[in-house]
Amino acid sequence: MAPTSFATRSPLVRRRIATYFTGGAEGIPALVGALSEQGRVIHELSVDVRDGVRESNLACAVLLPGDELDGLLDRLRALPTVVSAEPA
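Quick note: the sequence shown uses my numbering, first residue 73, plus one each step.
Don't read these hints as lab results, they were simulated from the structure.
Misleading hints may appear alongside valid ones.
[To be verified] Derived Cβ-Cβ restraints for the label pairs, each shown as a range:
{"no.": "1", "residue 1": "121", "residue 2": "159", "range": "33 to 39 Å"}
{"no.": "2", "residue 1": "118", "residue 2": "147", "range": "28 to 34 Å"}
{"no.": "3", "residue 1": "129", "residue 2": "108", "range": "15 to 21 Å"}
{"no.": "4", "residue 1": "105", "residue 2": "156", "range": "17 to 23 Å"}
{"no.": "5", "residue 1": "121", "residue 2": "84", "range": "27 to 33 Å"}
Since the model is a prediction, treat every value here as computed from it, not as a measurement.
Just so you know, even glycine gets a beta-carbon here, dropped at the ideal spot from N, CA and C.
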């Protein structure tokens with residue numbers, strides 16, 4: 073009987089992310105959509121949107137394979153309203 077091969081997958085790791093964005097509350101759905109792509113689970117989502125302030129912030133924890141953090145941050149930074157996205 074031939075051995076069964078299993079795809080090696082990195083374990084899920086809880087990563088905190090801080091994102092600053094413009095456009096107020098209208099930008100939140102695109103950010104949450106990018107964060108939850110491919111079935112990622114979002115925890116501890118916090119959004120701070122204030123009148124008269126140019127940038128708002130979104131902070132959360134996301135469960136993802138450890139090797140996917142940089143790719144996720146790059147996708148967030150590519151969104152037109154995102155000013156910065158960094159590990160928190």
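(request) May I ask which of the numbered hints given earlier this structure violates, with the numbers listed in increasing order? (result) 1, 2
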